[in-house]
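We have chain A already, so just place chain B on it with the hints.
Protein chains: 2
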Amino acid sequence: MYSKYIFRQLYSQTNNLNIFFKRCLSTNYGLVYEQYGNPLEVLKKCDISDKTNRSLKTTEVLLAYKASPINPADINTIQGVYAIKPIFPAIGGNEGVAQVVEIGSQVKNLKVGDHVIPSTSSSGTWRTYAILEDKDLILIDKEIDLLMASQLTVNPCTAYRMLKDFVNLNKGDTVVQNGANSAVGVYAIQLAKEWQINTVNVVRDRPDFTELKQRLLSLGATYVITEEELRQKDVMEEIWKSIPKPKLALNCIGGKNATDCMRHLDHKGVMVTYGGMSKQPLIIPTGAPIFKDNRFFGFWMTRWYRDNSGNNERHVMMKNICDLIRDNKLEPPKSVAINLDDYKEAIEKSMAGYSNTKYVFTMN
Amino acid sequence: MYSKYIFRQLYSQTNNLNIFFKRCLSTNYGLVYEQYGNPLEVLKKCDISDKTNRSLKTTEVLLAYKASPINPADINTIQGVYAIKPIFPAIGGNEGVAQVVEIGSQVKNLKVGDHVIPSTSSSGTWRTYAILEDKDLILIDKEIDLLMASQLTVNPCTAYRMLKDFVNLNKGDTVVQNGANSAVGVYAIQLAKEWQINTVNVVRDRPDFTELKQRLLSLGATYVITEEELRQKDVMEEIWKSIPKPKLALNCIGGKNATDCMRHLDHKGVMVTYGGMSKQPLIIPTGAPIFKDNRFFGFWMTRWYRDNSGNNERHVMMKNICDLIRDNKLEPPKSVAINLDDYKEAIEKSMAGYSNTKYVFTMN
Chain A
1 MYSKYIFRQL YSQTNNLNIF FKRCLSTNYG LVYEQYGNPL EVLKKCDISD KTNRSLKTTE
61 VLLAYKASPI NPADINTIQG VYAIKPIFPA IGGNEGVAQV VEIGSQVKNL KVGDHVIPST
121 SSSGTWRTYA ILEDKDLILI DKEIDLLMAS QLTVNPCTAY RMLKDFVNLN KGDTVVQNGA
181 NSAVGVYAIQ LAKEWQINTV NVVRDRPDFT ELKQRLLSLG ATYVITEEEL RQKDVMEEIW
241 KSIPKPKLAL NCIGGKNATD CMRHLDHKGV MVTYGGMSKQ PLIIPTGAPI FKDNRFFGFW
301 MTRWYRDNSG NNERHVMMKN ICDLIRDNKL EPPKSVAINL DDYKEAIEKS MAGYSNTKYV
361 FTMN
Chain B
1 MYSKYIFRQL YSQTNNLNIF FKRCLSTNYG LVYEQYGNPL EVLKKCDISD KTNRSLKTTE
61 VLLAYKASPI NPADINTIQG VYAIKPIFPA IGGNEGVAQV VEIGSQVKNL KVGDHVIPST
121 SSSGTWRTYA ILEDKDLILI DKEIDLLMAS QLTVNPCTAY RMLKDFVNLN KGDTVVQNGA
181 NSAVGVYAIQ LAKEWQINTV NVVRDRPDFT ELKQRLLSLG ATYVITEEEL RQKDVMEEIW
241 KSIPKPKLAL NCIGGKNATD CMRHLDHKGV MVTYGGMSKQ PLIIPTGAPI FKDNRFFGFW
301 MTRWYRDNSG NNERHVMMKN ICDLIRDNKL EPPKSVAINL DDYKEAIEKS MAGYSNTKYV
361 FTMN
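Read top to bottom, the protein sequences are chains A and B. Residue numbers 1 to 364, in the working numbering, belong to the letters of the first sequence in order. Residue numbers 1 to 364, in the working numbering, belong to the letters of the second sequence in order.
Extracted from the complex, chain A is given alone in its bound form (with noise of 0.2 Å):
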């Protein structure tokens, strides 16, 4: 049965002899735990090779991971203290961009060679082999750098459905957010400017503010402003001199912060949340919902796709994204690459409190 499948490989293969010597070298691992804890300390390198040395159904799909970030999320999930609860044993990982191997019989949107992005929510991406249905994966762009490939699913998605989704944007019209130098943040700067919108970024006062605000700036932030600056009447009212005031709020902060932001929103005005950094709830004055007419949601990327699984709006999505990508319209985030056989090194960084790095897995 080995040889078979080896074979059948082989055949399949013969334009990527590369990832077929490596799985022959019994390379096909992934980084499993068994129980919720320091991922330091549960996370352990298994073969899972049981798992993809098999014959595909029509409509499966082999893949060869390429690459797969490190994000705070992966590491709560791990810990036991997200809203994600994997079934154990679970292999690490959301994210990821993988190479088509082997395709089902039935699979007509894809060929061997795609790179594709798996759409399911934790579908443990931090392994080098695995097999997917083909209707939870998403065909992206082959000229995408791997790196900035593999961040796809959740950041720029996030972004982009929450400017989307909630109110009606048009051109000239306006977005406060707050945690505005956030991953999601920057790209929704990028996102508004390319589709002509407005946006208040709100930052935590710094050091290097001025840096930070220029940065900003430069990736196309309408103003940059700190939370205390939010705060101050004169200020604000400036602001709103030049632009309309806010029909969407995007809050990843909560706390007096969000309320800040939320006294600025127009009538009818939407604040959508997709975080709590500070952990604080969200405060919200009675009066806002009852005479201002402001509505409150939340956001969470992997219910959007669980919800739109079916749905061709993924496809359209991920088309727009790679393009404003080769277009230089989205700057990729900083990410260092990093072997999965060193996991351990590229867990401890991520761990280590604060960065604007994100550590990459590559493998394959």
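These are computed hints drawn from the structure, not numbers from a lab. It is possible that some hints are incorrect.
Since the list gives no way to pick one copy over another, a pair counts as held whenever it fits inside one copy or between any two copies.
[What the hints assert, rightly or not] Straight-line distance between alpha carbons at most 20 Å, and here's what the computed SDA-like set of lysine to any residue pairs gives:
1) Lys135 to Ser121
2) Lys85 to Arg303
3) Lys108 to Arg204
4) Lys292 to Gln280
5) Lys256 to Pro285
6) Lys85 to Asp293
7) Lys164 to Arg295
8) Lys268 to Asp165
Using the frame of chain A, we list chain B on its own:
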């Protein structure tokens, strides 16, 4: 001119000589204020005959008010602490029922003798006569008791709209509400019962809790619990064994209790805030909007009327409510009639803290 006016009135009022003679006796007055302040000080009884002793325009209607309640929002408006800011001099009062005395030549849907309620907010209903546009009047069933009729605009309609407009409630679904013994809360219980929707009704603990519970159960409440019980896991788990988790939460309290209510909301469940009796803001744990997809809206009946002024839905709603009243399916609020002449006494009593009794001015 005046004699011509009297003659015209006499002619159109042969079926209501009582009103006619009272108007001739200079009983055309209202409770007027020219500045914000303590209602007992700033409200004055003033002759307002200059506002009504004139010919009607084609779409205008001359009304004789019959009854008008004193609501907390009326007091707050005069104090200058409500969201509605009148133009001075202003006449107090927002709700009321009036009889049509005369109609303009183009008024088609109303006739002399009809009972109507104004749908514009704070039109000034603490008065004997008024001229309003026909589009700002809603016809109501003449059989409805006048004290009840005068209180239809806000409370029963607020309950009605909140149950209709935010989530699609089907038979057997559940609504949770705090402040369930408020005027709106009691209507929500009765409307939900009529529509076969379960209600979990939260009230503050109090010495007469058992009596209140019995009263709300007799009106159709499915469960009546204290704020403390709402926080007891075993109590709530028992309830969710017999009815589904709520799709909708109605909140007029805010603060901790609103947060306790939202914890029981189903996935995608909606909380509608229509009051903030605790004077505490709405406090939303970040996970509720992000991971449970809970949504948070506000409701203000005044805005609904403004947004639906040309809309037949006003009439549909009022007919539904009047039909339920006539069929004894909506219990009238405890009301005490008091003549508009005795306004000082009535306002003093209304401002004297918490009371289940509503004071209603009567005139004409």
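At most 20 Å between CA atoms: does that hold for lysine 268 and aspartate 165 within a copy, between copies, both, or neither? both (15 Å within a copy, 16 Å between copies)
With 20 Å as the alpha-carbon cut-off, assign the pair lysine 292 and glutamine 280 to within, between, both or neither. between (23 Å within a copy, 17 Å between copies)
Within, between, both or neither: lysine 164, arginine 295 at alpha-carbon 20 Å: Both. Shortest intra-copy (16 Å) and inter-copy (17 Å) distances satisfy the 20 Å Cα cut-off.
Can you tell me if lysine 135 and serine 121 fall within 20 Å by alpha carbon in one copy, between copies, both or neither? within (13 Å within a copy, 54 Å between copies)
Intra- versus inter-copy proximity for arginine 204 and lysine 108 (alpha-carbon distance at most 20 Å): neither (49 Å within a copy, 62 Å between copies)
Lysine 85 and arginine 303: within-copy, between-copy, both or neither at 20 Å Cα: Within. Shortest intra-copy distance 14 Å satisfies the 20 Å Cα cut-off; inter-copy 43 Å does not.
Given identical chains, is lysine 256 near proline 285, meaning Cα to Cα at most 20 Å, within a copy, between copies, both, or neither? Close inside one copy (11 Å) and across copies (13 Å); limit 20 Å.
Copy assignment of lysine 85 with aspartate 293, given that the CA separation must stay at most 20 Å: Close across copies (17 Å), not inside one copy (36 Å); limit 20 Å.
The structure fails to meet hint 3 from the earlier list, while all remaining hints are met.
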